[in-house]
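Trainee: Quick note: the sequence shown uses numbering that gives the first Met the number 0, first residue 0, plus one each step.
Rather than coming from a laboratory, the hints here were simulated on the basis of the structure. In this text, all values refer to a predicted model and were calculated from it rather than measured experimentally. All residues carry an ideal CB built from backbone N, CA and C; glycine is no exception. Please note that the accuracy of each hint is not assured.
Unchecked claim - Listed next, with one range per pair, are the computed distances between beta-carbon atoms:
hint	residue 1	residue 2	range
1	388	21	25 to 33 Å
2	304	198	14 to 22 Å
3	148	455	51 to 59 Å
4	9	256	43 to 51 Å
5	283	75	44 to 52 Å
6	197	287	18 to 26 Å
7	287	82	43 to 51 Å
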Amino acid sequence: MTALWQYLRREMLSRRYVVLILLYGLGIISIVRANRSYLDDLGRALYGYTDWMPSARPLAEAFSWFFNLGPTTVDASPLTQILAVAILAVVSLLLLRALRARTTWATVLCTVPVGLSPYGLENLSYKFDAPGMALGLLLAVLPCCFAHNSQKRFLLISALCLFASASFYQPALGAYLCITVYVCLTELASRRSPALVLRRFLRFLLPFLLGVGVYTLQAPLWFYTSQYSTYITQHASIPGPAQMPAELAQNVPHYLGLLVRDWGCNGLGLLLGVLFLCFALQLFARLLHSRRPSRPLMSGILRLGLILLLLPCFLLCPFGIQFALSDPVWAPRTFYGFGVMLSLMLLSLHAFAHGRTGRIIESTVRGLMLLQLLVFANVYGNLLDAQNQWELSRMSLLASDLNRYIQATGSSSVAFVGSVGLSPLAVNPAQKYPLLERLVTVPLTRNWRWGYEQLKTFGVAVKDTPVPQGAPTAATDVFIETPSYRIQRGPGDVGIVTFLPPPVPKTEKAKMRRTDG
Numbered sequence: 000m001t002a003l004w005q006y007l008r009r010e011m012l013s014r015r016y017v018v019l020i021l022l023y024g025l026g027i028i029s030i031v032r033a034n035r036s037y038l039d040d041l042g043r044a045l046y047g048y049t050d051w052m053p054s055a056r057p058l059a060e061a062f063s064w065f066f067n068l069g070p071t072t073v074d075a076s077p078l079t080q081i082l083a084v085a086i087l088a089v090v091s092l093l094l095l096r097a098l099r100a101r102t103t104w105a106t107v108l109c110t111v112p113v114g115l116s117p118y119g120l121e122n123l124s125y126k127f128d129a130p131g132m133a134l135g136l137l138l139a140v141l142p143c144c145f146a147h148n149s150q151k152r153f154l155l156i157s158a159l160c161l162f163a164s165a166s167f168y169q170p171a172l173g174a175y176l177c178i179t180v181y182v183c184l185t186e187l188a189s190r191r192s193p194a195l196v197l198r199r200f201l202r203f204l205l206p207f208l209l210g211v212g213v214y215t216l217q218a219p220l221w222f223y224t225s226q227y228s229t230y231i232t233q234h235a236s237i238p239g240p241a242q243m244p245a246e247l248a249q250n251v252p253h254y255l256g257l258l259v260r261d262w263g264c265n266g267l268g269l270l271l272g273v274l275f276l277c278f279a280l281q282l283f284a285r286l287l288h289s290r291r292p293s294r295p296l297m298s299g300i301l302r303l304g305l306i307l308l309l310l311p312c313f314l315l316c317p318f319g320i321q322f323a324l325s326d327p328v329w330a331p332r333t334f335y336g337f338g339v340m341l342s343l344m345l346l347s348l349h350a351f352a353h354g355r356t357g358r359i360i361e362s363t364v365r366g367l368m369l370l371q372l373l374v375f376a377n378v379y380g381n382l383l384d385a386q387n388q389w390e391l392s393r394m395s396l397l398a399s400d401l402n403r404y405i406q407a408t409g410s411s412s413v414a415f416v417g418s419v420g421l422s423p424l425a426v427n428p429a430q431k432y433p434l435l436e437r438l439v440t441v442p443l444t445r446n447w448r449w450g451y452e453q454l455k456t457f458g459v460a461v462k463d464t465p466v467p468q469g470a471p472t473a474a475t476d477v478f479i480e481t482p483s484y485r486i487q488r489g490p491g492d493v494g495i496v497t498f499l500p501p502p503v504p505k506t507e508k509a510k511m512r513r514t515d516g
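Make the full structure from the sequences, and use the hints.
Mentor: In structure tokens, the structure reads:
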């Protein structure tokens with residue numbers, strides 16, 4: 000513990016730590032500039048509640064009390080996001096310590112994906128939640144720094160850290176699983192004894208089962224106190240041992256399909272594929288060139304088979320415990336360990352690169368990766384800004400018309416059909432990066448409470464109402480109609496707001512406009 004503290008104190012006072020913070024800050028500067036209240040931020044800014052306890056995140060609740068000196072939350076952004084960036088920079092340093100890698104400029108740059116993961120950017124978009132999520136990731140990586148201590152000490156420290164990590168943010172546990180599988184892969188490639196590899200795997204697995212097991216036992220206590228307990232327990236239920244194989248058989252191809260969709264049509268996805276391929280090839284090269292004799296019971300073919308089996312597991316580890324859920328919720332922020340996985344692959348390539356050619360290839364892959372992560376982060380932030388302006392302009396007009404409807408009918412019950420949609424400026428980026436369609440959320444949509452919360456910021460207090468049965472679908476009982484939306488008077492004076500798609504020009508007219516332009 001003393002050695003770890005001395006290491007962190009030395010590195011946090013160095014220029015490398017400052018550069019990490021500057022790089023992460025450069026990545027999120029457009030997110031901060033957009034100043035968008037992201038989902039839960041709306042409720043916490045309006046009412047000042049914390050609301051982390053019902054999600055079984057008691058330490059996130061405690062951190063909020065400490066930060067705000069009480070139960071009432073206030074918007075202190077971008078301070079909270081800057082704090083999260085500083086914490087993620089510490090995670091980068093801890094990752095180097097956990098792998099016993101030399102802390103050089105090259106290795107530090109290899110850990111930049113920890114803070115600029117394309118999936119982790121959504122976590123940094125939360126003004127109130129960003130520091131707690133970052134602390135969850137830190138506590139998921141911290142136990143690996145004690146992997147070479149005695150078994151009892153490692154078991155105790157790791158179980159406590161993993162319990163605390165889940166109590167801050169459950170998806171952060173995927174980072175610990177990434178490191179676990181990575182250690183097994185590298186030891187198999189080094190021709191370690193299979194018994195030693197299995198022992199190392201169990202050494203990592205036991206504290207995980209203990210920490211997560213204790214967390215799972217106490218988590219329902221918080222669920223049952225929530226007004227969303229039905230929704231939470233539905234998506235947090237873990238199937239029994241008999242049902243688990245069938246659930247995994249469904250979840251694994253589902254998540255693989257999402258990864259292919261996110262990165263199957265753009266240059267960043269191609270770069271990620273090249274990185275993963277280089278990582279796999281260097282594992283095979285280590286296996287072939289290792290001088291350690293292979294035991295008869297563990298031939299090279301069997302080792303190769305185990306590596307091939309573990310590689311897909313390594314790719315999917317960032318999803319963490321979501322694989323064990325009977326009804327997993329897919330959101331980019333739940334893939335929080337993705338940046339750790341990328342950093343592990345970059346560090347592995349850096350350690351393996353020998354000679355001028357190897358160094359050039361490794362440096363090129365690392366440089367392109369860092370550049371593209373910065374580009375994607377700023378594209379995302381700029382799109383948040385554009386979406387914010389799009390929603391503000393549409394909702395300001397809608398708020399005025401809804402106030403007129405409430406005054407005319409005396410009813411504040413409103414139901415939405417469709418969605419206000421993405422900004423037109425999002426069309427091109429979303430085609431290039433399909434992930435952006437999930438990263439940039441649209442609060443004002445059917446039966447989603449955040450849209451009603453957002454309308455309150457425009458001075459319109461409406462009741463969250465589902466679309467009534469027998470509601471008019473044609474242009475009957477129309478109160479007002481604009482090019483963007485239509486307000487109809489439904490049964491029981493429920494106002495039905497139907498968002499209209501933008502008019503699509505005919506092909507001939509579109510061609511004429513392009514020709515005239």
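Trainee: Could you run down the list of hints and mark each one as holding or not?
Mentor: Evaluated hints:
no. : hint                  : result
1   : 388 x 21: 25 to 33 Å  : 28 Å, holds
2   : 304 x 198: 14 to 22 Å : 20 Å, holds
3   : 148 x 455: 51 to 59 Å : 52 Å, holds
4   : 9 x 256: 43 to 51 Å   : 45 Å, holds
5   : 283 x 75: 44 to 52 Å  : 50 Å, holds
6   : 197 x 287: 18 to 26 Å : 22 Å, holds
7   : 287 x 82: 43 to 51 Å  : 46 Å, holds
Checked against the numbered hints given earlier, the structure satisfies every one of them.
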